[in-house]
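Asker: Just need the whole structure built from these sequences, with the hints factored in.
Chains as they are written, first to last, in UniProt numbering: chain A, 1 to 453; chain B, 1 to 475.
Keep in mind the hints are simulated off the structure, nothing from the lab.
All C-beta atoms, glycine included, are put in the ideal place defined by N, C-alpha and C.
Hints may be right or wrong, so weigh each one.
Which bits of chain A does chain B cover? Going by a derived footprint, with three or more residues having C-beta under 8 Å, they are [to be verified]:
1. 178-191
2. 399-412
3. 422-429
4. 443-451
Derived SDA-like pairs: lysine to any residue, alpha-carbon spacing no greater than 20 Å straight-line [as the list claims (entries may be wrong)]:
5. A/Lys97 - B/Glu133
6. A/Lys420 - B/Thr460
7. A/Lys97 - A/Ser109
8. A/Lys428 - B/Glu166
9. A/Lys220 - B/Ser278
10. A/Lys428 - B/His202
11. A/Lys420 - B/Ser374
12. A/Lys211 - B/Arg361
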Amino acid sequence: MSIVTVQLGQCGNQIGFEVFDALYSDSHCPQGLCSKRENEVYQASCKERFFSEEENGVPIARAVLVDMEPKVINQTLSKAAQSGRWKYGQHSCFCQKQGSGNNWAYGYSVHGPRHEESIMNLIQKEVEKCDCLSGFFIIMSMAGGTGSGLGAFVTQNLQDHYSNSLKMNQIIWPYGTGEVIVQNYNSILTLSHLYRSSDALLVHENDAVHKICAKLMNIKQISFTDINQVLAHQLGSVFQPTYSMEGSYHYRRNPLGELMENLVPHPEFKMLGIRNIPQMSENSLAYSTFTWAGLLKHLRQMLISNSKMEEGIDWQVRPPLSGLPTLGKVSLNRELHFNTSIANLVILRGKDVHSADLGGFKDPALYTSWLAPVNAFNVWKTQRAFSKYEKSAALVSNSQFLLKPLDTIVGKAWNMFASKAYIHQYTKFGIEEEDFLDSFTLLEQVVASYCNL
Amino acid sequence: MTQSVVVQVGQCGNQIGCCFWDLALREHAAVNQKGIYDEAISSFFRNVDTRVVGDGGNISKGKICSLKARAVLIDMEEGVVNEILQGPLRDVFDSKQLITDISGSGNNWAVGHKVFGRLYQEQILEKLRKSAEHCDCLQCFFIIHSMGGGTGSGLGTFLLKVLEDEFPEVYRFVTSIYPSGEDDVITSPYNSILAMKELNEHADCVLPIDNQSLFDIISKIDLMVNSGKLGTAIKPKSLVTSSAGALKKQHQKPFDAMNNIVANLLLNLTSSARFEGSLNMDLNEISMNLVPFPQLHYLVSSLTPLYTLADVNIPTRRLDQMFSDAFSKDHQLIRADPKHSLYLACALMVRGNVQVSDLRRNIERLKPSLQFISWNQEGWKTSLCSVPPVGHSHSLLALANNTCVKPTFMELRERFMRLYKKKAHLHHYLQIEGMEESCFMEAVSSLSTLIEEYNQLDATRSMPVEDLPRLSVAV
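Answerer: What follows is the structure, encoded as structure tokens:
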């Protein structure tokens, strides 16, 4: 089953390129550490999901590129074409001349309705190329104007027109300190709207990925390309093919559907975080060996201590002793030590994957009481190694990972809202103070719900 | 890609404008090696087939034939514009895009605004409409003028109302040269205050600049070059200070170097909109991020580095120095000290080989020494453009919405009051039809309201920063 990706705005398009590139590179990687035949099946599965084919055999990404100004899309198209390995469809882009000016209201209320038909037509064409549509990836940032505002509008439209298909929004959480001054407003408006129309929000935090680049990858002068490549690696490690069941060697056909089923049991809880291990520079990789036991131990601790990467994990954090009643409402002022999960999905790729012991993740103490561990925890496996890592593990988690970042953004936006700063820029295009209040209310609800797990 | 139109008004406006077009041509010549008319060039230039008579000559793609500036030149006396049209840039300007008169405005805002405004309103509208028609997607008008004279100040601000009515969706960015204390025009306080009212009401964004600051910057560079302190490390002629190029070198008046700085400001402001980068910033984002309340749209600017350095592989320490300099009061284009005042918002527009980690490192480093208003503690807007300015490997333009503009406005008001109390030279204004004493009173009142707003914001500095109580929801 195929996934159609909608890349929105500068961020969405820059990341989208890296994602397809990572998927392609991995599926054509010679160090798959498995048999040739197996490799071919893996490649075919990846291809069906993410690429369609042209007559001369060059794969075309199943993607629609949308931006309100042309520079980034032009760059993205030419980068893909230059690589010679894969490319974007010639007619898969929608572009305008003037951007959204970092204004969510402009993206949502002006660009949205104005270009609704053209954009939906493009998406329709891409969908028609699929034999069987699994769903949509929508890649967008929250801080700007197009990705955030137009992204929210497009997601709503997808819900109306493709109610049977799943939508996963890949949202980029901006750096805490200024990329855009009104980023907190744009973020809360985006999140509140997406919460109503999206099926799941897979969140990537710029700050976290930046640290990975600095500490684990040892990159000295970190560029957005570096950040996007790490991000793409994380996504690839989740969505590349995996076996459909324990003991089977057929590849899973509908990862998006199964992921949603496993991780989003309740519509109030849609925020997913992603972690992967190991993550290091190629030089270091040559000197490292891994065991599943070691990797999984670290990954589990990253989960329960809410660590964003492999370094600096707090080993003091332990799950609460089972049998004891959960403490009442956890105060956000106190450092949240233990990260309670609703559901977790672990994806293992590489040698001897069947020998990996996942008992640690099945401990009921990790989870809320209203979902039994057998339902809350799932694992996907494949023997085929991912992108030069002999063994790698990824974790997609619906847990309190994003509670603190969300709370922080809501707090900052609230403080700014109280002074009414910048509000005139939004009311100019039809987003009133009431809309802001609605967004705040919805998000405070989400914060409270996650807090009380 | 969008287009912008530059409207240069008065002697000062036209002289700066001339520098700007010279620099813009050189920048595009350096970047665009193939001579193809691309979207970056189209933001400021039209491509015209000069063999075609009349208006049909626009070429939208392909090789560059003849570039025409998207500009309207307005002056109520002919000297400056004539000089431009006889100079090396004559082919860049469309002769139909000029409005000139003979007598000048006599350093009288009322003559510029009321007399010439009324006289030339139709013509102005027609030229503006023409220039807009030549644009695919017009995003912005850049108005360049001085505040102290008659034409730039009076007619320049008259224009703003016309633009607002005729093109409400197009941004109005105004670069205003404020008179320094020792200005030789006696009536400059009157002209400036009357012009300020118009800027308050009809401009989207104002970049105030004063001659004294520009002069100080030039002096500093000259000192460094002549003292030979940095040895061969500095090239004395750089794009920033020299008008080496189309304009003549020999009779370099002191204003040429100063005008070049302003021209560079405009070029850097628009670079991220014209050229590619990993984090683009369009012109509409400037207003969105830096103007929290409609009246507070005055942005203090600073440009670094101001001199080229001989070695291109600059180690990180020099890069960080560029960021530090942007906040020093010696680099501001107006007499202001942003570090010791309150920031409402700040934008950093970086050009060249600078990555996001460099940007973040410097923000972290400089943040503790700067004071931001309580509701915008992280009020940074950043952009990264990959194309550096000609002759440099990287550069930084900082735009700050900061209460440090207040002293400039207060001084202006004081100088105004000194003249006004004695009714000095008032009759020159009052004899113009449509001018009354109430015009002056309204103008001062408008300025006072603005100063009061800045005062109120400054008052919050001493208050502790507290998080406001949030909405509580029933779970």
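Asker: Each hint: holds or not?
Answerer: Structure-based check of all given hints:
Closer than 8 Å: that is the beta-carbon criterion, and the segment 178-191 of chain A has 5 residues meeting it against chain B, so the requirement of 3 holds. Figure legend: the segment 399-412 of chain A, annotated as covered by chain B; annotation consistent (3 residues with Cβ-Cβ distances under 8 Å, at least 3 required). Check on the segment 422-429 of chain A: 3 of its residues sit with their Cβ under 8 Å from a Cβ of chain B, so the three-residue criterion for coverage holds. Under the rule that three or more residues need a Cβ within less than 8 Å of chain B, the assignment of the segment 443-451 of chain A holds, with 4 such residues.
Distance check on the hinted pair: lysine 97 of chain A and glutamate 133 of chain B sit about 16 Å apart at the alpha-carbon level, within 20 Å; holds. Taken as a hint, the lysine 420 of chain A and threonine 460 of chain B pair is honoured in the structure, with Cα atoms around 15 Å apart against an allowance of 20 Å. Of the supplied pair hints, the one linking lysine 97 of chain A and serine 109 of chain A holds, its CA atoms being roughly 17 Å apart against a limit of 20 Å. Taking the CA atoms of lysine 428 of chain A and glutamate 166 of chain B, the gap is near 18 Å; set against the 20 Å cutoff, the hint holds.
Restraint check for lysine 220 of chain A and serine 278 of chain B: the C-alpha separation of about 17 Å stays at or below 20 Å, so the hint holds. Proximity of lysine 428 of chain A to histidine 202 of chain B is assessed by CA-CA distance (about 16 Å); at most 20 Å being required, the pair is judged to hold. The hinted pair formed by lysine 420 of chain A and serine 374 of chain B meets the criterion: a straight-line CA distance of about 13 Å does not exceed 20 Å. A distance of roughly 12 Å separates the Cα atoms of lysine 211 of chain A and arginine 361 of chain B; the hinted pair therefore holds under the 20 Å criterion.
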